[in-house]
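Asker: Please model the complete structure; the sequences and the hints are all you need to start from.
Heads up: the protein sequence lines correspond to chains A and B, in order.
For the first sequence, this note's numbering assigns the number 1 to the initial residue and increments by one for each residue that follows.
For the second sequence, this note's numbering assigns the number 1 to the initial residue and increments by one for each residue that follows.
Keep in mind that the hints were calculated from the coordinates and are not lab data.
Errors might be hidden in some of the hints.
[Claimed, not checked] Some chain A residues close to chain B (C-beta under 8 Å, calculated; not the full set):
1) 69
2) 231
3) 290
4) 293
5) 301
6) 383
7) 391
8) 396
9) 398
Model, not experiment: these values are computed from the prediction.
Each residue gets a CB set at the ideal place from its N, CA and C atoms; glycine is no exception.
Listed here are the chains, written in short residue letters.
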Amino acid sequence: MDLNFTPEDEAFRAEVRAFLESVPPHLRGVSRRELSKEGQLEWHRMVFKQGWVAPAWPKEYGGTGWTTTQRYIWQEENAAYEVPIILPFGVTMVAPVIYSFGSEEQKAKFLPRILSGEDWWCQGYSEPGAGSDLASVRTKAELTEDGKHYIVNGQKTWTTLAQHADWIFCLVRTDPNAPKRQMGISFILVDMKTPGIEVKPIITIDGGHEVNDVFFTDVKVPVENRIGEENMGWTYAKVLLSHERTGIAGVARSKKGIERLKEVAGQELLDGVPLSEDKGFMSKVTELEIDLTALEFTELRTLAAESAGKGPGPESSVLKIKGSEIQQRLTELTLEAVGHYGFPFLGDEQLDGWNESPIGPDYAIGSAPSYYNTRKTTIYGGSNEIQRNIIAKMILGL
Amino acid sequence: MDFSFTEEQTLLRNTVERFVQDKYDFETRAKIIKSDDGWRKDYWQQFAELGILAAPFDEDHGGLGGSAIDIMVMMEELGKGLVVEPFLPTVVLGGGFLRHGGTAAHKAEVIPAVIGGECVIAPAYAEPRGRFNLADLETTAKKDGEGYVLNGHKAVALGGPWADKFIITARTSGGQRDEQGVTVFLVDKNTDGLSTRDYPTVDGYRASEVMLDNVKVSADAIIGDVDNGLELVERVMDEGIAALCAEACGVMKQLVDKTIAYSRERKQFGVAIGSFQVLQHRMVDMYLNYEQSVSMTYMVNLKLGEDATERKKAASAAKVQIGRAGKFIGQNAVQIHGGMGITEEMDVGHYFKRITMIDTQFGNVDHHMRRYAALSE
Chain A
1 MDLNFTPEDE AFRAEVRAFL ESVPPHLRGV SRRELSKEGQ LEWHRMVFKQ
51 GWVAPAWPKE YGGTGWTTTQ RYIWQEENAA YEVPIILPFG VTMVAPVIYS
101 FGSEEQKAKF LPRILSGEDW WCQGYSEPGA GSDLASVRTK AELTEDGKHY
151 IVNGQKTWTT LAQHADWIFC LVRTDPNAPK RQMGISFILV DMKTPGIEVK
201 PIITIDGGHE VNDVFFTDVK VPVENRIGEE NMGWTYAKVL LSHERTGIAG
251 VARSKKGIER LKEVAGQELL DGVPLSEDKG FMSKVTELEI DLTALEFTEL
301 RTLAAESAGK GPGPESSVLK IKGSEIQQRL TELTLEAVGH YGFPFLGDEQ
351 LDGWNESPIG PDYAIGSAPS YYNTRKTTIY GGSNEIQRNI IAKMILGL
Chain B
1 MDFSFTEEQT LLRNTVERFV QDKYDFETRA KIIKSDDGWR KDYWQQFAEL
51 GILAAPFDED HGGLGGSAID IMVMMEELGK GLVVEPFLPT VVLGGGFLRH
101 GGTAAHKAEV IPAVIGGECV IAPAYAEPRG RFNLADLETT AKKDGEGYVL
151 NGHKAVALGG PWADKFIITA RTSGGQRDEQ GVTVFLVDKN TDGLSTRDYP
201 TVDGYRASEV MLDNVKVSAD AIIGDVDNGL ELVERVMDEG IAALCAEACG
251 VMKQLVDKTI AYSRERKQFG VAIGSFQVLQ HRMVDMYLNY EQSVSMTYMV
301 NLKLGEDATE RKKAASAAKV QIGRAGKFIG QNAVQIHGGM GITEEMDVGH
351 YFKRITMIDT QFGNVDHHMR RYAALSE
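Answerer: Below is the structure:
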């Protein structure tokens with residue numbers, strides 16, 4: 001056991017930094033605010049050209065073949081340079097299902113376009129009646145008489161960035177009479193341009209438009225867009241969910257967030273003295289920092305187990321729970337730290353490209369919306385209560 | 001970065017694990033802690049024979065040349081059995097002082113005796129009014145010809161009743177809490193003027209108050225440098241924290257596992273109480289606290305070799321995690337066991353007692369929060 005970086009690791013870090021130095025300023029430091037579609041795509045293409053979009057994929061499909069340590073360095077440097085994230089829906093969520101369970105044709109058709117960013121993916125899991133209880137999906141897909149198409153009817157919700165998406169992967173009910181609810185579900189890929197699909201925005205309490213309702217009315221989907229076997233979708237989806245959870249810890253970014261928080265506390269004054277010298281406030285920051293250190297090593301242990309051949313299992317629920325709680329506490333403390341200037345709400349004008357002079361200090365902008373928005377982290381990807389159910393059942397055997 | 005264990009480490013773990021399984025069951029331990037001596041000297045000899053006492057020492061002195069990770073895996077297993085024999089005071093702390101600060105003579109004479117099981121060492125660093133500040137010393141060591149004369153009262157030296165030697169911190173110069181002026185002495189228990197008051201502790205150990213009344217020692221008794229001993233003390237205490245965290249992980253693992261097992265058996269309202277979601281989630285949170293503690297224990301043991309600031313931060317962060325997790329896991333283990341959890345006859349209460357006192361040992365959560373924050377400025 002050791003924490004040493006080899007000369008190869010250090011050379012790799014230098015290579016990563018050289019690349020990140022080349023990232024234009026308008027893509028830097030925006031990870032804490034919303035980024036336009038164009039900005040997101042510009043970033044994705046940059047990383048694609050570098051060949052680094054999908055570190056976790058098997059090499060044959062375009063993965064990087066990086067070691068655990070290299071993946072750690074990549075994440076850490078990304079956070080340090082405050083570059084945007086690579087959106088998870090294609091790369092982290094649907095791609096592992098495609099390369100694990102898809103046909104050769106599906107792999108050849110979809111994987112390269114996910115890598116290059118040509119297709120923007122969104123996730124069609126949740127429904128108005130199927131949130132934490134995901135297995136109760138009701139959106140139905142019925143085979144046409146010639147057996148060549150599914151006709152899809154129903155509604156998906158909380159669909160993140162569906163307004164930009166080219167494709168959606170969906171859980172649909174193909175056998176309403178299956179003996180167990182989990183058994184009648186299939187996993188299908190749907191072109192968002194197909195007639196009968198309607199996307200309606202949901203505005204969240206931070207004023208943002210991140211999520212949507214997606215309505216399906218007699219949407220015709222070729223059967224070759226089904227992943228694996230009919231009615232086996234639940235099995236594939238579970239694999240996807242555990243992949244979703246490993247990325248969810250967000251350790252490196254939270255580390256950067258704590259650094260930022262300390263900077264803010266260094267500038268806010270309390271009785272003329274920086275807030276960073278207030279013992280009450282700082283003990284909350286210290287507690288958070290210590291929790292994050294523990295999470296960092298939990299993630300390293302998980303990554304090490306993964307590279308030793310143990311795929312992400314129920315342990316990823318641990319990362320989801322702790323990671324999301326830490327993200328929430330970080331935004332909570334940041335909002336506390338900025339004081340009065342948590343109030344101004346400038347909505348869309350805060351997006352990059354706005355040239356007016358700001359109200360209040362720069363660091364206060366968006367701190368309240370960011371706190372409001374981050375409430376989602378303990379709800380999405382299987383709420384933290386569901387994660388606890390998973391751990392109770394799968395790990396503790398209760 | 002590498003998170004795997006070497007073959008030697010796995011072997012050491014298995015050795016201790018087997019010893020605990022075969023010879024340290026709950027009833028045996030109950031007898032040991034109630035006996036007059038409070039420990040099994042023959043077990044200590046077996047530790048020596050098994051090589052357990054040799055792990056961290058250099059091969060030149062008859063040791064196995066092991067690392068902090070070797071100590072870590074053994075401490076975890078000792079924690080699972082609530083083993084009271086003084087491995088932490090003697091090998092980790094005593095051994096640490098000897099390895100980092102001992103003279104050639106100390107290393108040549110005392111280390112082999114420790115390895116052979118013939119010398120038990122109890123560090124006496126705490127004082128009645130010093131709380132967790134290692135520099136807050138009322139005990140004095142005054143120059144007397146070539147040697148020193150020690151006067152003072154050292155508090156709660158764990159393992160003291162079994163000790164052949166004490167490691168004593170005393171002030172050789174400066175004011176009561178100055179960083180400068182701290183010196184470390186290795187003193188035989190039978191030295192004139194040294195007396196002890198021995199007693200059992202709430203968690204099954206034995207400890208001593210150590211009274212120093214004009215105790216004369218030669219300059220050979222000094223470990224490290226005169227007046228500049230504090231850095232050495234802090235380093236050894238941080239290593240103690242790293243080992244203690246591993247012990248705590250062993251204790252917490254038992255508390256979590258035993259609670260889960262009990263919740264499966266215990267029936268109320270016609271069903272196992274482990275089927276209640278409110279208890280399931282509580283046990284999940286116990287498990288999360290345990291996992292995070294294991295991570296922090298790896299972290300601190302891997303960072304002991306870094307520069308002093310990094311090492312101290314790592315030790316304090318880990319101690320905070322262990323203190324908080326230990327409280328949560330201990331209290332909830334008792335709660336879920338119901339009335340049985342607070343009976344002397346059931347093992348869970350004994351794990352609870354130990355994990356509670358681990359928070360105090362080497363400084364509690366509040367102390368290490370402050371230390372961490374001060375180091376981060």
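Asker: Can we keep the residue 396 of chain A interface hint, with Cβ of chain B closer than 8 Å?
Answerer: Nearest chain B Cβ about 5 Å off; hint holds.
Asker: Hint check: is the beta carbon of residue 391 of chain A less than 8 Å from a beta carbon of chain B?
Answerer: Holds, because the Cβ-Cβ distance from residue 391 of chain A to chain B comes to roughly 5 Å (cut-off 8 Å).
Asker: Restraint: residue 293 of chain A near chain B, CB-CB cut 8 Å. Satisfied or not?
Answerer: This hint holds: residue 293 of chain A lies near chain B, its Cβ roughly 5 Å from the closest one there, short of 8 Å.
Asker: Using Cβ atoms only, decide whether residue 231 of chain A comes closer than 8 Å to chain B, and label the hint accordingly.
Answerer: violated, 29 Å
Asker: Hey, does the residue 383 of chain A contact hint survive, CB to chain B under 8 Å?
Answerer: violated, 12 Å
Asker: Does residue 398 of chain A pass the interface check with chain B, least Cβ-Cβ distance below 8 Å?
Answerer: This hint holds: residue 398 of chain A lies near chain B, its Cβ roughly 5 Å from the closest one there, short of 8 Å.
Asker: Hint validation: residue 69 of chain A versus chain B, beta carbon distance must be below 8 Å. Holds or violated?
Answerer: holds, 5 Å
Asker: Let's test the interface hint: is any C-beta of chain B closer than 8 Å to that of residue 290 of chain A?
Answerer: holds, 5 Å
Asker: Should the hint that residue 301 of chain A touches chain B count as held when the rule is a Cβ pair under 8 Å?
Answerer: holds, 6 Å
Consistency note: the structure conflicts with the earlier hints numbered 2, 6.
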